[in-house]
Amino acid sequence: MSQYTFSSKTRNMTFALMGIGIITLAYGAIMKDISATRFWANILLEGLFFSFISLGAAFFMALQYVAQAGWSVVVKRMYESVTTFLPFGLLAVFAVVVASAIGGHGNSADIVYKWMQSDATDIVKKVPGVFDAMLVKKHMYLNVPFVLIRTIICASIWIYLVRLIRKRSIEQDLTNDFLPIHYKNIKTAGIFIIFFGITEQLMAWDWVMAIDHDWHSTLFGWYLFDDMWLTGIIVTILITLHVKSRGLLKEVNDHHIHNLGLWMFALSVLWGYLWFFQFMFYWYTNIPDEVVYFQARIEHYRAPFWIMFCINLLLPLIVLMTRDTKRNPKYLIGVGCIILITHWIDAYVWVMPGTLGLSPHFNFFEIGVLLGFIGLFVYVVLTNLAKVPVSVKNHPYLEESIHHHL
Amino acid sequence: MSKVFVHALYDDDDKLKDGARKVRELGYSIKEVFSPFPVHGIDKIMGLNRTRISICCFIYGVTGFSLALWMISYMLVYDWPIDIGGKPNFTIYHNLPSWIPVLFESTVFCAAHGMAITFLLRSWLFPGVSPKNPDPRTTDDHFLMVTTAYNDQDITALVGAANATGAVEITKVESHDSHH
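Residue numbers (the working numbering), protein chains in the order written: chain A, 1 to 406; chain B, 1001 to 1180.
Don't read these hints as lab results, they were simulated from the structure.
Values in this document were obtained by computation on a predicted structure and should not be read as measured data.
Where a beta carbon is used, it is the ideal one built from N, C-alpha and C, also for glycine.
Check each hint, because a few of them may be wrong.
[Said to hold, decoys possible] So the derived list for chain B, only partly shown, Cβ under 7 Å to chain A, looks like this:
id, residue
1, 1040
2, 1041
3, 1098
Take the sequences, apply the hints, and build the full model.
See below:
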């Protein structure tokens, strides 16, 4: 049998985590010591982090079709299952955008996206220093209706295309005439990659960069894109190794694990490259309205900022450089889990300084919401993984994948 | 009797792999395989050791990094400090971010060139070297396996193995030098 079963023990654990999350959120909604900004900023943080994992897996899934890659067929069901969290993650992000729009309409300053305050552009003219004058010029692009429309269109088309590709991929196993379905998927994957390549940039600006509305970086979309891809790959590796440890997926051998490890290594280095060059250009030119972003982080979020950069770049670079560690599940799980946590810290540093100001907030509330989302993520992904056989039956490159050799 | 090289010529890479496997099963070692393209898995069948080029790559990379760091810190910190846009603060620590691109490029430059040169030297490939390829057909669509026989018994076994796995041509060569 090649059917993964979601054990009741794991299921109960995810329910317990979700319970913690719900209690924490309820506490935040009722009690006064958690501000509305902090409440929504945490939901945004988790929504971004987990939907980025799914988006990375979705991009990887589409990439395998477009590149006609053979090796990845045997782990296809793993990254396909990771994409299933996409609607939940994007819904959380959408809820934050809507909540900010409603709060901003009532002219409250207690919102995640400060630029959404209805008189923000007036304040620029009357009170210098609160908002940057650039906000008036950005208004043509950065206004509430346009952002809402963009969010709805992009998110729904992403979800539609990703679900369509996965649905067809599962259908392939049910019929002997699977080649036409495969060719259809190649086309859909091509459309998704082109659409995603453009809209991912827009959403990176709208959802993340607009938190620090005075600041802009042309590299930001790429930087987030690499973060998505990397976290998506790490979760795919963890799920593959988990399923293999159950005695399933016999056809996945050292070479496939090695290839996935290569992706983790390469994307970590690319992440470090993009992060560093974004930092270095602003550091070098030292223009006041450009360095605000890094000033806030280096002066007030110093520990998370530097620790996550060093770990995210150096740990995979040093540990995963040799061939043997990329084939060793212990190293992959260890490094994968650590840099998954430090990439969460990276996401924390995107969201928090612009929303909650310069004093870092981190206590039970942040941890509780994170645990809740971990529970939901694992529950959704493993439930969907258990619905279909983990071993692929019909695929034009199945033989090539089984005999994959590095 | 002196040693004899048995050349088994194949027209298919799968047959070549079968032949190589058979020869290894009989307990003989394979001297060399000539092929127009890399045959996946042949190194394992031949029993070759894992390549050490990646270790060389690491050493060359570290060399390039150190050389560049030494050069740039000597020029910009010790020998002739220049204040560029108020940036260098005349210490390695403060200057490091603006040096990263140079350090990176130098690391890649030394690693890539060092590896290429090492590979070419190790394979003894450079202008003026006489070709070692015993049969020009192996640059087109044929595959050649060279094995060494020391007595008649070896010859019988190796020729038999080549015949059994579908070699299209089998020749016995006294020594590679007289062949040319």
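So, going through the hints one by one against the coordinates:
Look at residue 1040/B: its Cβ gets to within about 5 Å of chain A, closer than 7 Å, so that hint holds up. Evaluation of the residue 1041/B hint against chain A yields a held restraint, the C-beta minimum of about 6 Å falling below 7 Å. With 7 Å as the threshold, the beta carbon of residue 1098/B comes within range of chain A, its nearest partner Cβ sitting at about 6 Å, so the hint holds.
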